[in-house]
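Q: Each chain is listed here by its residues.
There are 2 protein chains.
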Amino acid sequence: MLKVPEHQVAGHIAKDGKLGPLVDNQGRFYKPLQGDARGENEAKFYESFSSNKNVPDHIRGYFPVYHGVQLVEASDGSGKLPHMVLEDVVSSYVKPSVMDVKIGSRTWYPDVSEEYFNKCIKKDRATTTVSLGFRVSGLKIFDCQESRFWRPDKRVVLAYKADGARTALRKFVSSNSLADDSVPDCAYASEVYGGSDGILVKLLEVKAWFETQTLYHFNSCSVLMVYENDSGGDERRAQVKLVDFAHVLDGNGVIDHNFFGGLCSFIKFIQDIL
Amino acid sequence: MLKVPEHQVAGHIAKDGKLGPLVDNQGRFYKPLQGDARGENEAKFYESFSSNKNVPDHIRGYFPVYHGVQLVEASDGSGKLPHMVLEDVVSSYVKPSVMDVKIGSRTWYPDVSEEYFNKCIKKDRATTTVSLGFRVSGLKIFDCQESRFWRPDKRVVLAYKADGARTALRKFVSSNSLADDSVPDCAYASEVYGGSDGILVKLLEVKAWFETQTLYHFNSCSVLMVYENDSGGDERRAQVKLVDFAHVLDGNGVIDHNFFGGLCSFIKFIQDIL
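Top to bottom, those sequences are chains U and Y.
All residue numbers for the first sequence refer to this note's numbering, where the first residue is 10 and numbers rise by one.
All residue numbers for the second sequence refer to this note's numbering, where the first residue is 10 and numbers rise by one.
It should be emphasised that the hints constitute simulated quantities derived from the structure, not laboratory data.
Small disclaimer: the values here were computed from a predicted structure and weren't measured.
The reader is advised that the hints may include incorrect statements.
The list treats identical chains as interchangeable, and a pair is accepted whether it falls inside one copy or across any two copies.
As a list, the in silico BS3-like pairs of lysine-lysine whose alpha-carbon atoms are at most 25 Å apart [stated by the list, open to error]:
#1 K277 - K62
#2 K131 - K216
#3 K277 - K216
#4 K104 - K132
#5 K277 - K104
#6 K211 - K89
#7 K12 - K131
#8 K131 - K62
#9 K89 - K53
#10 K128 - K216
#11 K277 - K211
#12 K277 - K89
#13 K163 - K128
#14 K89 - K104
#15 K250 - K53
#16 K62 - K163
#17 K149 - K104
#18 K250 - K211
#19 K132 - K211
#20 K53 - K104
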């Protein structure tokens, strides 16, 4: 009944007896609440967010729907564990291209342990997080030429510098072969990034909310971009969702300048492609 | 002919035989080019900025005018040193209240030495830089009740947390006594921060430029806010200038997300007071 998600591009993967998220065939995503504060914090965020009257309705659409917590058989065989039940953002897609982009020029935040701080800052400085204000966390693009998915190795993705990130964003909307070094043709840029309901318009809506919202600080959160490649459908159904809220904190009347700055930088990269 | 500036609130001070900036009686500010890369980098920035056709004219008004480099007798008696000759931003004021706010959630940047990185990040984490995206670097406010300037100790200013920064910004526009713990009355907020030519309007113009400019990354730069207290004049002549460009680097096609995020956070604090 529950299986390993086919299109997950970042985070813990429930393969080879490891603990990770699962999906059902009804559009739900089950994310295990690990024994630490992170899972608890993420569930706490979803609870708060779901009932927060100060979040505009159109902004809710950029977050996975939350369906509470359920005891579910864990993917690592350790028995029934509490899992957050979320909307499976890619369930309605036949052949989705997916990219996870972690937003912000730092993934750590005030009051973390020195150990966590050191782990985060090392990664932030080694990737484009510090320089660009975002980093590509994972991607899986449908290659039309080869008629299969292209998923670069995680270590390659983490080693992207500005050019690598730029190229990945171009490949994300290209029709020519992705595995080689050919220049990405960005053939789908206007359909996926552009248009009245494309990714750029959605990102600009999110940006406008971040310009003034002081409810939450979205430390270490990602923007997930998805669109359809199935030749049967006419529509790309490009989508943007914010995901991964294990490190979200109260805003305390301060805007989320870290996320906002990074988001604006990311938007500029998308605009440059269009 | 050259003397120690009366209203300098941050940076090296040319007192007690130390090397620091000087002013003349003709509205010019002489900033010594120290033997290291910083002075050279700042002069290089001013040269580049002055001749950069891509900078809109109205944005130039937010930067001190640059008048080249001159050999001038150094304040520490070490003989003639090259000094950058800049517009003295406070020269036309009789009794200016001045505040220097360092903008950005980090003062370090990619490729600095480990030593410099460690020095910066320690200070960033100890102040409001990380949490708010800006920190108050220095201030000198004219206290109308006491009829003299109030300048809190530098160590007190660097120890400000969010509340301290908020209070300083409120005191900056208050008419009641500043030295004690009375609640700042923000009596001048609408004249200094508000109004069609007030500080908020100017900050919003700067913000709009930062939304898209990819020419420079203004690492460790400050916003200087000034206004007149002299009872003779009717006008506050509130002013905003960007200052301190020793660590400015090329933008390389990326927006200055660090400065932009911090600036937006700072703007929110000003808006909250109005």
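Q: Take the hints in turn and mark each one as holding or not.
A: For each hint, the structure was consulted:
1. In this homomeric assembly, K277 and K62 come within 25 Å of each other (Cα to Cα) only across copies, at 21 Å, whereas the closest approach inside a single copy is 31 Å.
2. For the homomeric pair K131 and K216, neither the shortest alpha-carbon distance inside one copy (27 Å) nor that between copies (30 Å) is at most 25 Å.
3. With identical chains, the CA atoms of K277 and K216 are at most 25 Å apart both within one copy (12 Å) and between copies (15 Å).
4. In the homo-oligomer, the alpha carbons of K104 and K132 never lie at most 25 Å apart, since the shortest distance is 31 Å inside one protomer and 48 Å across protomers.
5. Proximity of K277 to K104 under the C-alpha cut-off of 25 Å is found in neither arrangement, the shortest distances being 27 Å within a copy and 43 Å between copies.
6. In this assembly of identical chains, K211 and K89 lie within 25 Å of each other by CA distance neither inside one copy nor across copies; the values are 38 Å within and 58 Å between.
7. Neither within a single protomer nor between protomers do K12 and K131 lie at most 25 Å apart by alpha-carbon distance, with minima of 34 Å and 46 Å respectively.
8. Taking the closest pair of Cα atoms, K131 and K62 never come within 25 Å of each other, the shortest separation being 38 Å inside a single copy and 38 Å across copies.
9. Proximity of K89 to K53 under the C-alpha cut-off of 25 Å is restricted to the intra-copy arrangement: shortest distance 20 Å within a copy versus 64 Å between copies.
10. Taking the shortest Cα distances, K128 and K216 never come within 25 Å of each other, neither inside one copy (28 Å) nor across copies (33 Å).
11. Taking the closest pair of Cα atoms, K277 and K211 come within 25 Å of each other both inside a single copy (14 Å) and across two copies (24 Å).
12. For the homomeric pair K277 and K89, neither the shortest alpha-carbon distance inside one copy (44 Å) nor that between copies (46 Å) is at most 25 Å.
13. Proximity of K163 and K128 under a CA criterion of 25 Å is satisfied intra-copy only: 17 Å inside one chain copy versus 32 Å between copies.
14. For a Cα distance limit of 25 Å, the shortest separation of K89 from K104 qualifies neither inside one copy, at 31 Å, nor across copies, at 71 Å.
15. With identical chains, the CA atoms of K250 and K53 are at most 25 Å apart within one copy only, with a shortest distance of 19 Å there and 43 Å across copies.
16. For the homomeric pair K62 and K163, neither the shortest alpha-carbon distance inside one copy (39 Å) nor that between copies (42 Å) is at most 25 Å.
17. With identical chains, the CA atoms of K149 and K104 are at most 25 Å apart within one copy only, with a shortest distance of 10 Å there and 62 Å across copies.
18. In this assembly of identical chains, the alpha carbons of K250 and K211 lie at most 25 Å apart only when taken from the same copy (9 Å versus 34 Å across copies).
19. When the C-alpha separation of K132 and K211 is checked against a cutoff of 25 Å, the pair qualifies neither within a copy, at 28 Å, nor between copies, at 37 Å.
20. In this assembly of identical chains, the alpha carbons of K53 and K104 never lie at most 25 Å apart, being 32 Å within a copy and 52 Å across copies at closest.
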